[in-house]
Structures are given as structure tokens and as C-alpha cells.
Amino acid sequence: MSERTKLTRRGLFRGVGTATLVSSCVRGNGTEGPPDGAAVDDATAPAELGPDPSPLRFSLNGTPVETSVEPRTTLLEALRIDLDTTGPKVVCDRGSCSACLVIVDGLPRNSCMMLAHDVAGRDVTTVEGLAEGEELSALQAAFVKHDALQCGFCTSGMLISCTSLLRRHPKGEAMTAEHVEDAISGNLCRCGTYPHVVAAVLEAAGQRGEA
Amino acid sequence: MPDNRKETLKLGFEGNVRKQSVTVPDSEPRPWDADTKLKVVGKPVPRIDGHLKVSGRAKYTFDIAVPGMLWAAVLRSPHPAARIKSIDLGAAKKQPGVKAVIAVAEPGSVLRFAGQDVAAIAADRPEQARDALDHIVVEYEQLPYVVDTEGAMRPKSAIVHSAPIKERRTEGDEPGTGGGGTLQGNVRPLPPSQRGDTAKGFKESQVVHEATYITQVQTHSALETHGLLVRWDSDSAMTVWASTQAIFSVRDEMAGIFGLRSQDVHVITDYLGGGFGAKFGASAPGSRLGFIAGELAKKAKVPVKLMCDRHEEHVCTGNRPDSRQKVKLGGRKGLLHAIEIESHGTAGVGTGAGIGRNATGIYTKCPHVLVKAHDVFTNGGPGTAMRAPGHPQGAFALELAMDELGAAMDIDPVQMRLDHDEHPVRKKQLEHGRERFGWVERRRRSADMRARKTRLRRGVGVAASIWGDFGRGRAAVATAEIHRDGTIEVKNGVQDIGGGIATVLAQIGAEVFHRPLETIRVRYGRSEFGSSVGSGGSQTTSSVTPAVRNACEKAKVELTALAAERLKVDPSKVRWDDEGTAHGGDSSITFTQLCKKIEGESIVATGTRPRTYGNAPLPLPGAPMHQIAGIQFAEVEVDTWTGEVRATEVLALHDCGRVMNELTLRSQINGGVILGTSYALMEERVLDNDLGRMLNPNLESYKILGARDVPKIDVVLTEVYTGANSTGAAGIGEPSTIPTAAAIACAVFDALGAPVRQLPITPARVLAALGKVPGKSKPSVTTLAKGTSR
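From first to last, the protein sequence lines are chains A and B.
Residues in the first sequence are numbered consecutively from 1, following the numbering used here.
Residues in the second sequence are numbered consecutively from 1, following the numbering used here.
Hints are computed from structural coordinates only; laboratory data are not their basis.
Predicted, not measured: the structure shown is a model, and the values here were computed from it.
One should not assume that every hint holds.
As the list claims (entries may be wrong) - Simulated pairs of lysine to aspartate or glutamate, DMTMM-like, Cα-Cα distance not exceeding 25 Å:
#1 Lys703/B x Glu178/A
#2 Lys428/B x Asp709/B
#3 Lys145/A x Asp709/B
Stated by the list, open to error - Residues from chain B that keep clear of chain A, each with C-beta distances beyond 10 Å, as calculated:
#4 Asp35
#5 Arg57
#6 Gly90
#7 Thr212
#8 Asp252
#9 Leu260
#10 Trp576
#11 Lys597
By construction, the Cβ of each residue, glycine as well, lies at the ideal position given by its N, Cα and C atoms.
Model the full structure from these sequences, guided by the hints.
Pasting the structure below:
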């Protein structure tokens, strides 16, 4: 046998076993799920998924989508490979860089750290869903204006973090550079765009009267 | 050969502009100089592909999918040194979804680092390909290995290469460097550089400082990993989507591997998720990615996509070599009298552990200099060019050592640099920066904090950057095409690594034709758009913008002739206004009206950058090109209880020739400073001596700078009119990262009064420097060798 010793997330999932995996797919009273998003009902949900692909339905950028993926498939893989939604990027594939961030029921989540079946019935927004048709959001426009991107590979994750920040930031409270730096502290960028990201978010917040 | 003419240009920099005569070919326009006023070029124009990048619509190589495509995965050596006894691919071929399996290494071959290619698989889905790797059965005979630089230099060390090694050089390597002497054990000397006689110099010195400075291995860690997608279009032609910073190097390497004509290899890099020097060629520095994807695609008869994962990206796609630099400086009468540096560094199994030009190229008033660098081979993944190869390492050691000598001689660091640097732009940057940064007051404050032994200390440092305008003649061929509908296409096969070259090319078109930016369509990122340079050596802008300008000017000559015909005047009487309307005699014709009169589809002209003309105000030592100047000042705050260092502020003063786009330029300089800060304080590849493997091949324990760690960055642009080419552009990518780590290390020395001579400057090293780690002695501060006057 070849020797492969690195511990991967996938290997960990495999080791944990499908039963545990599926039970983790079913929402309990976890802290991250919405309190009453009752799309998955314990009584009607299948008792066990996999190992073959199973049907999966959720809302992607406001549109209902249906696909079929194995239980081990991450949300990031399902989005990119099965749903051709490549805005979320693969960079570390283990939750340390935030390039794959998406908004799940209002919260920013690393899509590489979620199983696709965990979003059954839920609302998922990717960077592709931030604009209104051809019209960029104020934040996206500010990113372009301030050059808050270079190669652009961290940009979709940055935008998800900052969009979430703008949404959760208390109305009327001044937005500061520290707020933005905190919000993007998990977003790694190798080109060094952080200062321009901060400038862009402050401007977008200012347009709402918060800077 | 075209005829030449003399042009008198105003060259130099603010406060020092002089008339200078340069020879340019007749086919070229008059180069832009200090008197040229431009309307679009130089302005802070947002990048033209910004809306695509912020909306997730920009498709990078990693995002491309074509019908029927398979995914590849590579089995890599788990051992730092092994001989393959056998490979059995049989079981892997039967795994779900698997369509092709190949051995990349043959039985009998020797593997020299953990991560080297062994075999590869293509399957319907990426997880199937990765799973099937477990079913490849390989028998290894493990061999002795060595992964640490010092260990590899010992007489009884395992030997990494028993035969002379071929250097792998790319466009990312600094021109004029490289080469090497005879291999002895694991050590291979690089060509030394010398000025004067250091033995004599030290004899004449009154103060001698001697210490060893150590830098770590840094990985490029571009967010988009290496990879490519290969589609055979016929038996003799292929299309390759590649995550590359050099489209034409991919084309040529793929053509070479598969015996194709290079015109039949079509390479596409529409968007690129960073490179930093590691993405040249179809192969990664430590993995034959192009061969693997192409061979699997050939075998499976469908397209194959191969993207590295983050682990692979760290171990086999290149890195910045480490260094151990023994620095000896001699001081005499308050001046630097002799510099001697002996350096050993490892680029793993590869070459190129040099230390840049700071010692030889910047402090040219020092009469005696000798730099001897060596490659030390170890069983680690190969190093390769990384943003200013060698320079940050060399700058760190030399600049910190200079401050240590300066402290012994009681000389201010800025003064010390002014006294030995002959570049007029760097001198201006030093003087301007001293004022702007409040250097004197800040130095006084750090001294005061040191004297009071405060818990939190502040310190400031300054360091210099040297780079050349390596823009290449005739490498880039650009096309300008004016269509009947009034749109203008500018074409060149250059890739946009993130620096924003596509936007700058649109600006050039808009400038020449007096047309709105949005009417200029830039076609780039594909080999079909005409030959170009790699994004390496900070040469892209100075190679491609002149070619584009020259093409546009030629097309404009034709358009002017057409306007003259319509306006019934001599072409020399046609005047263009700011809207692109042509005037002649008493009549005029708008740009759109005029374009409708074009015969056939369009007016087409090509242009190139013939050669470098001028090099004002100062050439790179021993070379004919403009020497790019840069100075950075840094301030740090150090917690003397915890040892934590925070970079609080960086003032970056840079020359990049004529500024093409102030907005994207500032982004690039920010990026250089941030990369340098990360190198100074955080990053370090850790190889385990007992396993021979990397322990932190990820992005949580291989730490790169995050948003909260970024210093306040103040950028000052000192524009220089070089006369080197028709636009006067020079590079900035590399110069902007060279001095950062050095300036931070100098600032830490100022804060503590004790040097931290090893990067990254971790809390443990700070505490050791303060003598707070039991069993570790404080570093000895500068030796007063002769105890004579300061």
C-alpha cells in the first residue's frame, strides 16, 4: 500500500461513519441553524443517506435548485461541481481561509466545512447572488472603486464577510476600520488588499449613514 | 533594420530633470518624458475587470469545466528519499469512476523529497480520483536523507544529488543571476561578487561587526493553487487552461513534452489567482503537472483537469529558499569600509538560494565588498523565484548588520545609508522619508522608552530596495485594431496576475486615441492574442505598455491619413481633440463617423518594444537598464513581557518609472509591504528532521498576515522619467517587497537595543534577544575589534 498519512476532512468524515454523519446532517437545536427553518422534518427525513448520491433541494441565490450528491459531498463541492456556481473558491478546503464563504440562512459559513445535505431546504447566497441582475450592490461597487481586489481569488469571500457585517451592524452606529478588520480577520488574502477592503466597506457603510 | 533618429527628452525626476538625447527607431513614437501631459495614463482608474471579479463571474482556471472532463489526482512520495522498487496500478484502475492511471516515476528511479510525483489518476469526480490513489501499490526502498540546511553541510551528511544538477531558471529569476560552481557534498557555490579587497578593508577598519543572520523558507501560497486543464483538440493540437503567470512558457513546455508545434498549443489564462513567482511553465517547480494532465487526457481521450490541493501547493510548487548569512562589516572613520557576506541557503532539491544585490548594488561608496553565496541541497521541495528572489533575505541581513555597526559607531541609520548610497532617487526618498516619517522624533522616543525600560517599546527602522527595469525588447507583440463601429481592440497574450495590466493597456489605448476608456476592448490572457512576457522580474508593464502604445500610434497614423483624405488636408494638418474628433482646414469629422469610412473590416497595426533606450538617472551596476529605487521606513511596537511584535506603520517610497495607474499601483505596493511584513513576523515552513516532511502544509499553521496584523501603510510615489521605452513604465511588484522585512527587523533592534537576527521575529526570539529565556544567552552586541575611536 502506498502510505498516505495526512489527515483530511474527508478522511475524518469517512472515519466517523455514515450514520454519525447523517445524524449530524439533521438539524437539532444547534446554535448555528435558524430557530424555525423547519424545512427538514425529522419524521419525514430519510433515516439514512448514502453512500450513493441522494436528492438535495435548497434555495440558491433565491432560486430553488435540485441536485443529487453523495452525503460526503461538501457544500463547496456541490456548488462548484454540481451547480456550476464557482464564485466561492477552493483555497484551503479546511476552514482556515474563508475564500469559500457563503451565506446560509443569514449567517456567513465556510462552505468547505459544511456537508451539502446540511443545507437541504435552506437559503444559500453566494457572491453571484449579491448583485441585483447587472446592478452591483453598493458594496461591490465600492470594492471596484477602491480597488479592494487584485487577483480576485479572495474577493468573493471578502464580499460575503463584509455584506454580512453591513447587515448585522446596528443601524446608526458608526462603522470603524476595526469593525471591518474584525469581520475579515478570517479572510486570507495573499495580494495584500486588506487596506482597500477596509476603505471600500467604510464607504459602503457611509452611504447608509454609518460612517 | 529600421532607421534610427535622435530624440531629445527631458528625463530624471522631480527637481532633477535634464535634457538627454536617446536614439529611437523611426517607426517608434517620441517616448513620453517629463514634459508629456497625459489625461488617462497615470490616473487612478478602477480595473476594467473589477465588476466580473466582484460578481463571481470571472472564471479562473480552477473554475473552468468542459464537457466530458475528468479530474486528476497525483500520488506523491511520502518519503524524503526513496528508490521505487515497484508500482502496481492494477487495483486503482478498477476503482469507481477511474478512467486513466499512469506511473509518473519508474521502478528504479530515486525520489528526492516528500511530495515528489509517483503516479496519477483521472476519474469522473475529484473525490474518486483521490480515493483511487489509495489503491496504487508502491514499494519503496527508503534512503538516507537530510532536510535541514546545517545538517546538509556536515561532512557525513546524506548526499542529495550525486551528479551535477541542471538549473531550472524561469522568467521569474532576476536576469544576470544564476550559474554555479562545482558541487562539493551538498554545497554548490554561486558566482561571487566582489569589489575592492575585503582583506585589506578589514585590516584598515577600526570597528568590526560580525554575526550570523538566518532567514526561513517561505512558500508562495497563492490562493489559487497550481493546475491546468488539458483538452486535446486533435492528435497534434491542444487547448490548455492554465493557472500561470507566463502563458507562453506553458505553451512552449507543452509543445516540447508532447512533440507539438507551439502554434498548435493554445493556452488560456483569463483570470489568475496569484503567482508570486512560482507559476512559470507547464510544470510546477516540483511536479510535472503539464505532462501528467496531458498524458492522462491522451490516455482517457477526454479533457483532464488537474488542480493541486493546499498541501501539494506547499510541498511541491516552489518556495523562497532560506539563508544563513555570516555578515562581517568593517567601519572606519564613521563610514562603512568593508562588507563580507558568506551565505548558505537551501532551495531543497533545486537551485537559486542567492541573496540579491543589496550588498553590492546599493551601498556603492563602500570600497571593499565580497559576497559569496552557496546553494545547499536538501531533501525538500525545490525553491523557485519568489517576488524579488534573494533580495528580502539579503536586505534583512545586511541592513540589520549595518544598524548594529552604526550603533557601535554612533551613526544614525538614515545618515549611514545616505553616506553610502549613490542613487539620487533613493537619496531623495531617504531625505523625504526622514521628514515625513518624523524619524528623528521617533528615534528619540524609542531611545527614551529603552532608557525607561518600559514594557511596550516602539522602534523604527529603514531599509533600501534595488531592482532593474528588466522590460524586454521584442518579447511582446501587440495589435491595435480600429473597427468600423468605432470600437478599438488592443490585443496581447499577456496574463493579468492581479497587478492590473489589462486596465493599463485600456488606458494606453484611450490615451492615444482620445477615446473613452470603455470603448477600448482589451483582449488578453490567451496565446492567440500575440506573444508576450511572463509576469516575472517586474517586467510586464515596461514590456507590454510600449508595445501597445506603439501599435496604437501606428494605427492612428493610418486613421489620420483617412481623416486627411476626408477633410481634404495634408495628414500633418490633422488635429485630434479630446473627444477623438479630427479637425483639418475648416471642417471636422467625429471618431465614429470617421471609422465608418474605414475600408474593409478594420485598421490593424502591430507594435513591439524594440529595446531599452535610456536609463536615467542611474543604471543598475554593470547593466544597461534603469535602476529602480525604493526606500521603506517601518515602526514596530514590541511587548517586552510577551515578546510579541506588531508592525504599526510603514512608509513606502517607490520609483516605478512613469506611473501608469495610481490606484492599482498603490494596491501593488500595499501588497509588497504586507507580504514583507508577513515574512518578517509570521511565515515559516517547518520540515521535520525525523520524518523529512512538512509539518504545516496548510493555512492555519503556516501563518500569513491577516487584516488585523497590517501596519498603517503610507505610500509615496517618486515618479522617474527613465526614457527607457515609449511609455516610460518600469516595474513595482518586486521592489515593493524587498525592504519591508529588513526595515521591520531594524525597527525591532531600535526598540529593544538588541538584535533579533532570525526571521520570523517570533515572541520566543524576541524574549531570547532580551535575555529572558533561560539557557539562551543574549546575542552579543557589536564587537569593538580594535577598541579605537568611534
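Hint check:
no., hint, result
1, Lys703/B x Glu178/A, "21 Å, holds"
2, Lys428/B x Asp709/B, "30 Å, violated"
3, Lys145/A x Asp709/B, "24 Å, holds"
4, Asp35, "29 Å, holds"
5, Arg57, "7 Å, violated"
6, Gly90, "13 Å, holds"
7, Thr212, "30 Å, holds"
8, Asp252, "24 Å, holds"
9, Leu260, "29 Å, holds"
10, Trp576, "30 Å, holds"
11, Lys597, "34 Å, holds"
Checked against the numbered hints above, the structure violates hints 2 and 5; every other hint is satisfied.
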